[in-house]
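Q: Single-letter residue listing:
There are 2 protein chains.
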Amino acid sequence: MSEPSSSASAASGKASTTSVDDNAKQHRVDDASRSSKQRDRSHIRTTHSVAFSNDSGTYGLEIPSTSISLSDTVTPAFLPGEASSTTPNAPFEDYNTEGPEHDVLKGLPALRAEWITDRKDTVSYQGRRRDLEDDGKAAVRRGEASKEWQGERRDPRRGKEHPVTQMWYARQGVITPEMKFVAEREHCDVELVRTELAAGRAVMPLNINHPEAEPMIIGEKFLVKINANMGNSAVTSSIDEEVEKLTWACKWGADTVMDLSTGNDIHTTREWILRNSPVPIGTVPIYQALEKVDEDATRLTWELFRDTVIEQCEQGVDYMTIHAGVLLRYVPLTANRVTGIVSRGGSIMAQWCLAHHQESFIYTHFEELCEIFKQYDVCFSLGDGLRPGSLADANDQAQFAELMTLAELTQKAWNHDVQVMIEGPGHIPFDTVRMNIEIEKALCKGAPFYTLGPLTTDCAPGYDHITSAIGATEIARYGTAMLCYVTPKEHLGLPNKDDVKTGVITYKIAAHAADIAKHHQGAQDRDLAISKARFEFRWMDQFNLSYDPDTAIAFHDDTLPAEPAKMAHFCSMCGPKFCSMAISQNIRSEYGDAEQQEEFIRNGMEDMSRAFHKTGDQLYVPQH
Amino acid sequence: MSEPSSSASAASGKASTTSVDDNAKQHRVDDASRSSKQRDRSHIRTTHSVAFSNDSGTYGLEIPSTSISLSDTVTPAFLPGEASSTTPNAPFEDYNTEGPEHDVLKGLPALRAEWITDRKDTVSYQGRRRDLEDDGKAAVRRGEASKEWQGERRDPRRGKEHPVTQMWYARQGVITPEMKFVAEREHCDVELVRTELAAGRAVMPLNINHPEAEPMIIGEKFLVKINANMGNSAVTSSIDEEVEKLTWACKWGADTVMDLSTGNDIHTTREWILRNSPVPIGTVPIYQALEKVDEDATRLTWELFRDTVIEQCEQGVDYMTIHAGVLLRYVPLTANRVTGIVSRGGSIMAQWCLAHHQESFIYTHFEELCEIFKQYDVCFSLGDGLRPGSLADANDQAQFAELMTLAELTQKAWNHDVQVMIEGPGHIPFDTVRMNIEIEKALCKGAPFYTLGPLTTDCAPGYDHITSAIGATEIARYGTAMLCYVTPKEHLGLPNKDDVKTGVITYKIAAHAADIAKHHQGAQDRDLAISKARFEFRWMDQFNLSYDPDTAIAFHDDTLPAEPAKMAHFCSMCGPKFCSMAISQNIRSEYGDAEQQEEFIRNGMEDMSRAFHKTGDQLYVPQH
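Protein chains in written order, with the UniProt record's numbering: chain R, 1 to 624; chain D, 1 to 624.
For reference, chain R alone in the conformation it holds in the complex (with noise of 0.2 Å):
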């Protein structure tokens, strides 16, 4: 345990007087763990080369991984006169989302480009019109896109007589590049990932035309995934926000990233994300839809959705989530809830229910989304509009209703061969959470679960990365595949960089808790790594095997600050008296081993056994 020190003032309770050197310390110290200094310096992108062939070709992949190089162990002598002795520490190697290096105004390099033609079954062909209107009402009137990308630009292009899903090719037995490359990544067997793809118990988001994505997959046999959520809005946000936001989460850990844009320049904004983006990008089409529509609910038509839909499929969005399972007759179901409709798209399509007495558009012509689909490999993550945004609205008709809906649509979707995702809750009590997700994989046959925390409690908002992070550890051990981030501006506000920072560290340990639980293969090897290092003093390794090493240096140094008490043989918080970890140390030096101290207590025994006979075999000596 650790007790504190205090950055002082009155002990009134009442008024604070932080004198303003405290403040000025706190604001550096605050700042630093903000940044990426320490983690830029100690988490290095690698990469190491597979050879992989099949009938479309031969190639090199080029499998990234981060490296953190580790000092070495010191261990000291236990026998008098023996020398100290020292072992190298191997680098330690970690999953790597950040993507090379690159100028933001060309692009990323279209890493998949030639796996994708060497197919022979896609076509290039003149893409839809770009429209200004695509950027909304703001850039017409000036005639203009805000900032029009000026890099790489490709004729999109799409699948020609058969799907072109990884989906299909697992299902046919082909092993693509791209699922070798994810096999690398994830340290499996390429046929896992074949046979979990052709089941449908896992997804690989790849768009034909985001070649520039390295390829992953989200599914329960694998590593848990995180997603970051961003995008402008009406009132705030550049574009060059949103790529810096995209970058930075990418640098933290986010597997996969989401462009919600609302506001202005929709369009471009997610060209400049996808043409930078090394993780597969989801959008929320409805909200581009609605924008089209003067944000009037009830003038979308299907025409116009199945518009913007192509208009991001030639783009290259890898997911992109669809609200269909918002019946009519469900709509009631949230009447008398106490948070109503809580998805922003849920709310859309149940209005327009409502209002037109209609089955959605999505719902009615979901066949014909999974033939725009399959021509790009466009993986559905079923919405769950009617999610509930409450505990008091948890696990109630309309939430399951809405579920074995999308369980309905997941099976047609698997008939054209098109991926799917499951979206989840919400808010949801602690002890309902694994249900959530068995009912999840009952339903939908194992299709991968994509939630959303959930939040254990409503009553913490300024902390739903907490919340959250409960739910989401939970509901990761039990099987959901990928879990999207809350960051602490839920509820309140729009998170800025360092909410998506936090937001991503904590999801980060949500996935890495779940894959110990499930006793993923490997997944204590970095809490191995960093304990040792621990226990060994060796500072500087600890911080950088952390997951924000920057935070963890930060607050090490807002106790102590100077560069020899990272050499320290005692910790921080303890002094050297009092460190447990300095005096367990000091016993193995002075006593041994197991085997020896325990040789040492035997030999004890036999001493205290003589003695105890002299005495006269008395069991209880008196005390007093």
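It should be emphasised that the hints constitute simulated quantities derived from the structure, not laboratory data. Glycine included, every Cβ here is placed at the ideal spot set by N, Cα and C. Possibly wrong hints are sitting among the right ones.
Claimed, not checked - Quick partial rundown of chain D residues pointing at chain R, CB under 8 Å, derived from the structure:
(1) I439
(2) A442
(3) I466
(4) T467
(5) L528
Chain D: place on chain R using the hints.
A: Relative to the frame of chain R, chain D by itself:
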């Protein structure tokens, strides 16, 4: 879901060019989120009076609670011509831990003084000499304590003929004012309190020499409690700071506080803390004992330890961590561990056992400790000296061997009618958390478990409040009665006042999520109140009902600072047109409640049905 805005900078993913203005703005948000201004304005301590009599006397018990005023619900008219209606919302009542306002120089009133003397089973006596050595070498050198306590000083009391523990009274069938007070706070029957105490499944740590404390209970059947650690160390922190942190922790909801001081002025610091603490105070007496022998563990003796324990009993410490389960033969079980012994008390006792080649004096003299504790009603917190400090060491022989010894000692203490809690890990994988509380309950016959987290990964120094809150929620869900908080500084440095706040709020969340998961009566009331406020856009109510109103309001204002935004009928993330809650409300005002909506759909279906007949009853109409 929410989408982020950014605090800006270049989109290169390398250098951050955050402007000075943005930095200053961020610092203002940070400072506001660290204060208690909004909380102090909205969380008002109140008491209500409850009459109580037993054979010893008649009392008007003043039961504390926190009252949060709420504004009215305004329901817009549904039918044209109807007026909108206004419904008042009753103030929300919460469990209060902050104690009455008072002058810290004088200390709190002795709430329980009369309850204790009326029982006529204790005597006041001339206590153990006050010795400057109790405050460490520096005080001896100076010839005086740093800041001698000048407030109320009472002669210590102790029991006369029988144990004066709440357990003893409970077993005699006596309902004490303390039990009644607790039953009122917990909204339960006082017989539940008595029977759980009698069975040892709950404890009320209430030293008769700490009459200032407001009675509280720790047990599986009651609200999950949280403890906040503080205390000075060799180099940092003053008495004023410790008292301020105490007040601060209680304000945010700490149910007990541990003073883990290891530096100078231990005795005097504790005096200040006890005289000002409305919550039970715990200590680890071996820390002070070690200070008295110049931090040389091998020089510790039973006599010195006993004297230190009596010193603390007379001051009023309510519970003490005693690492009596560290047996000599268990020490080698830790020798090949990755992180050895990480409990300070555990490592000190292990060192002593090996050096003296004997079982520790706290194990061999345990019955004597019981004799002392029962005269003051000090509760054992049996320390887990061999708890795992890393996932690699979790659930090993050392950990469970010690737990079995703690079970044995629990029985001994209960034979003396002395109250007992059991301390628990530490670092353990999430999937083994449940097993840990279940084996504890089985072995220790339901004695309350009191755990540090547990942390579910070792990889996130800087975020261990989060890694541990995940484990804490799970372990509390299955019966852990009190959670020891972990702050963001764990493993890195000394928590300051801000870390104390973050730790307490994070653990309020974990405890509350567990109460909900346990279906504790009324546990969801606050969630319902805040969710209603959220849906009705009662922004100030939402802020005030959160565990940390200051952070909630600071984060909200970061996005929409203007006052009118707090009246706005849309949320700060989405803007007016994309707000799902606003859309939900529009649906209700247009189509009515569930019944009205269903009727609307039914009527429409009939119209559709007639139209369907006209088109020739084709089930599938071609869509193009």
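Q: All hints, please: hold or fail.
A: Against the structure, the hints:
Below 8 Å, beta-carbon pairs count as interface contacts, and I439(D) has none with chain R, the closest being about 18 Å; its hint is therefore violated. Here the hint on A442(D) is broken, as its CB sits about 21 Å from the closest CB of chain R, past 8 Å. Satisfaction of the interface hint for I466(D) is found here, the shortest Cβ-Cβ separation to chain R being roughly 6 Å, below the 8 Å cut-off. Given the 8 Å rule on beta carbons, the hint for T467(D) holds: about 6 Å separates it from the nearest Cβ of chain R.
Hint status for L528(D): holds, given a least beta-carbon distance of 5 Å to chain R, under 8 Å.
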